[in-house]
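Keeping the supplied structure of chain A fixed, place chain B upon it in accordance with the hints.
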Amino acid sequence: MPDGHIAVAGLTKHYKSVRAVDGLSFEVEPGRVTGFLGPNGAGKTTTLRMLLNLVRPTAGIATIGGVRYADLPDPVRTVGAVLEASAAHKGRTARNHLRIICRAAGLPDRRADEVLDIVGLSTAANRKFKGYSLGMKQRLGIAAALIGDPRVLILDEPANGLDPEGIRWMRQLLQSLAAEGRTVLVSSHLLSEMEILAEDIIIVAAGKLVTQGPVRKVIASLGGSGRTLVRTPDPAALTAALGEGATVSPGPDGDLWVTGVDAVGVGEAAHRAGVVLHQLTSESPDLEGVFLELTKGKADIR
Amino acid sequence: MTAPTTVTTASRRPRKRLISAELLKIRTTSTWWLFGIGMVLVTLLALGLNMLVTHFQLDPPLDQIAAEQQAQVIADSEAAHTTAGLIKIAANLLTSGQYLGVLFAMIIGTLVITNEYFHQTATATFMATPHRTAVVLAKLVAAGVFGGLFWLISTLINLVGTPLFLAAEGVEIHLTDWEVIQAVLLNLLAFVMWTIFGLGLGTLIRSQIGAVIIGIVVYLASDLLLSILVPLIHNWIGQDWVLNLRVLAPATASTIMITPGEAFPDAPPQWSGFVMMIAYVLVLGGLGILLTRRRDIS
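From first to last, the protein sequence lines are chains A and B. Taking the UniProt record's numbering, I'd label the letters of the first sequence as residues 1 to 302. Taking the UniProt record's numbering, I'd label the letters of the second sequence as residues 1 to 298.
Just so you know, the hints here were simulated from the structure itself, not pulled from any lab data. These numbers were taken from a predicted model, which means no experiment stands behind them. Worth double-checking, as some hints may not be accurate.
If you anchor each label on the Cβ, the simulated ranges turn out as follows [claimed, not checked]: (1) SER176(A) x VAL217(B): 51 to 59 angstroms; (2) LYS90(A) x ILE37(B): 18 to 26 angstroms; (3) SER17(A) x GLY148(B): 44 to 52 angstroms; (4) SER192(A) x ASP296(B): 26 to 34 angstroms; (5) TRP271(B) x ASP74(A): 40 to 48 angstroms; (6) GLN182(B) x GLY161(A): 52 to 60 angstroms; (7) LEU156(B) x GLY161(A): 43 to 51 angstroms.
EDC-like mimics (lysine to aspartate or glutamate), calculated; alpha carbons at most 20 angstroms apart, straight line [said to hold, decoys possible]: (8) LYS130(A) x GLU84(A); (9) LYS217(A) x GLU27(A); (10) LYS16(B) x ASP74(A); (11) LYS217(A) x GLU195(A); (12) LYS16(A) x ASP296(B); (13) LYS16(B) x ASP109(A); (14) LYS137(A) x ASP113(A).
Which residues of chain A face chain B? A partial, calculated answer using Cβ under 7 angstroms [said to hold, decoys possible]: (15) ARG49; (16) LEU52; (17) ASN53; (18) LEU54; (19) PRO75; (20) ALA104; (21) GLY106.
Glycine is no exception: its CB is placed at the ideal position from the N, C-alpha and C atoms.
Same shape as in the complex, but just chain B:
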């Protein structure tokens, strides 16, 4: 075998090389574009649902509402027509698809690590780069890029649909207010954070199918469970701080993080969702690096 001259003239930037390799891994399988299509569907569904709810909020069908509820509905409608109300509506519409969409981000984070074990490519990967921390960090970046891509798909759809809908409703369109832009950017942050969450989960549970299922169950069930349990406990011991415990569910934390004002009645403050997500990311990302460094690849 003759040694090609090219082999001796390699790029000397290992970090960039690694990220490029990890991006290529994702691009050369079909997962990412299947998830991209899923993202389109989830966004269209969520946006449609949000439009419907918003339509009845702005313009309630009073003739179909019981007399004793009418005062409350009218008050809500008036609040929705204020600037603050319209900003919240715009932020909500522009982040449509977040609740289910971040699941795609989480799963792609899980797959970048579990694929290595499932397809036995971990051997080749760690032989090419024995510095495992560098490999995990490159995976975090690559998965984050695709998390960001999913956000972009979702946001583009929302950016087309939202002004059309608001114009049809005949209300002021608040797209460039800082609170709205902030919500959209925090949504991007949430997508990226969920890829890290997923990657950490994938190192903890190496089984591909196991990690994905547990991730989805934890995401959906923890939110549901705490939304039932927390009010019960609150009623029982009568302390208001108990209501803040809902932020412990990761799905709730990311919803709280991206929503200006109250995400739902009696919701914990926005900053608490942010802090909780940071905590999850640090713990799971840290565990991911630690376990990958120590693990025998056999």
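Okay, chain A solo, but in the shape it has when bound:
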């Protein structure tokens, strides 16, 4: 049985004049949630489809556990994927939809009921797919992905159409699956979502890799550690106390913006120097802004 390590090397897809994916390489490790991030049209979906042997690459190779998807001896029990929310015959019930996958994968029919239970759709099992809400469709997609108890999970924009409750449910599910040692690769165009969900992120734009690594490290490289707003009756003394590592600039109403030192560092320096503070507020970096800046001009309609 192949392990859950995903490797993408030089993956390229050309559609006539468009380079949807352009020499993309990255790796995804088991046991953690990896976010696959990029603006719409960055080539995320095409990349995932090439990984799953649905789209034929122009060049390059993608493997799961060192094996191409097409060569996996038991794909359903190795990889589970959710690619479109609305992917079932409208006149078919959810249970029958899943039973068909069971048949093709050689799993017993009752596995369909087990996964329906996991995603909380048991009561709607015999309802036809056309009566499903967007959130229920997403849950059904996840049920289908879990059917073979796979060690690798691949999800394309799974939060689309989910309400806040559903998003939280999804986050907890994916994190618990990763904690069991599975590989979880989730695409999204929202950095804020990935900040909460993922441990590693891969950022792509215009079919190319922008950056990849642990989420905190990438965020630090994108926008630093944020800044701190300080109100003090003695700005000069505080500036002196902070020393060379910090940059101090004037803020609103005579307050100070401090970067390079976090709120803890500012408080400790003020305490050592005996400077009085009236306010100390840390502000997170504007990650979406930085992310947009980073991928700007690459997200055109292509």
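Coordinates of chain B only, in the frame set by chain A:
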């Protein structure tokens, strides 16, 4: 999530698994039984029409026929009363509903592939089985099974109606002659071949409604067009081989294939219908596999 023990003990026969999955796909939507009802109606209509025509052929109302045509009508009636004539009548009655019935077979063949694109289930299907040739072959088998079911529905109705009618007409009943059995079995083959024809069409034209409409139009129009054009060309250049061109229309080919003797006046020989159908099945089935293997699923 705990891993159920059942997941590790799966059946190891991928081909059988795939066919079972494809059969379940057809069974879990309403198309097949709606088509089954359509098959009953089409068969009843065709059988009734065939009975009417046969009745007047066996027992022509001579008092209503013009004097100059009477000799021909009497000769036809006498030919119909011979053993060969009665065998042909029995074969014709037992295959009633073929002309429109194979359309259901063709459409179910088209739907097994276009449904995958229309409902975006191709992704799940080819993820579960990355070996696309195996998927198409399983679809061919599953659609063929339902083509066979439609044949069975039609044949059962004909098997009840035909002996009753022939007994009422007071003629010998030839149901067990080899030519009759052969016609009924070739009819089964035609139903199965039309599912393959439809499946190939569905891979060529991925649009569900487009493929179904083009299939029906090609089926009906090619037959009609050649039945008008071929005699015209024949009159014009005066060569008899031109008459055989009618077999090029797929609907005509399958009629010729299942009819013992001449399917219609100046019809091409029975074997040519068979060869033509084989050619269509190989070309369209082959294209279906080839295109499905190469196609990006997005």
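Where does the structure disagree with the numbered hints, that is, which hint numbers, in rising order? none
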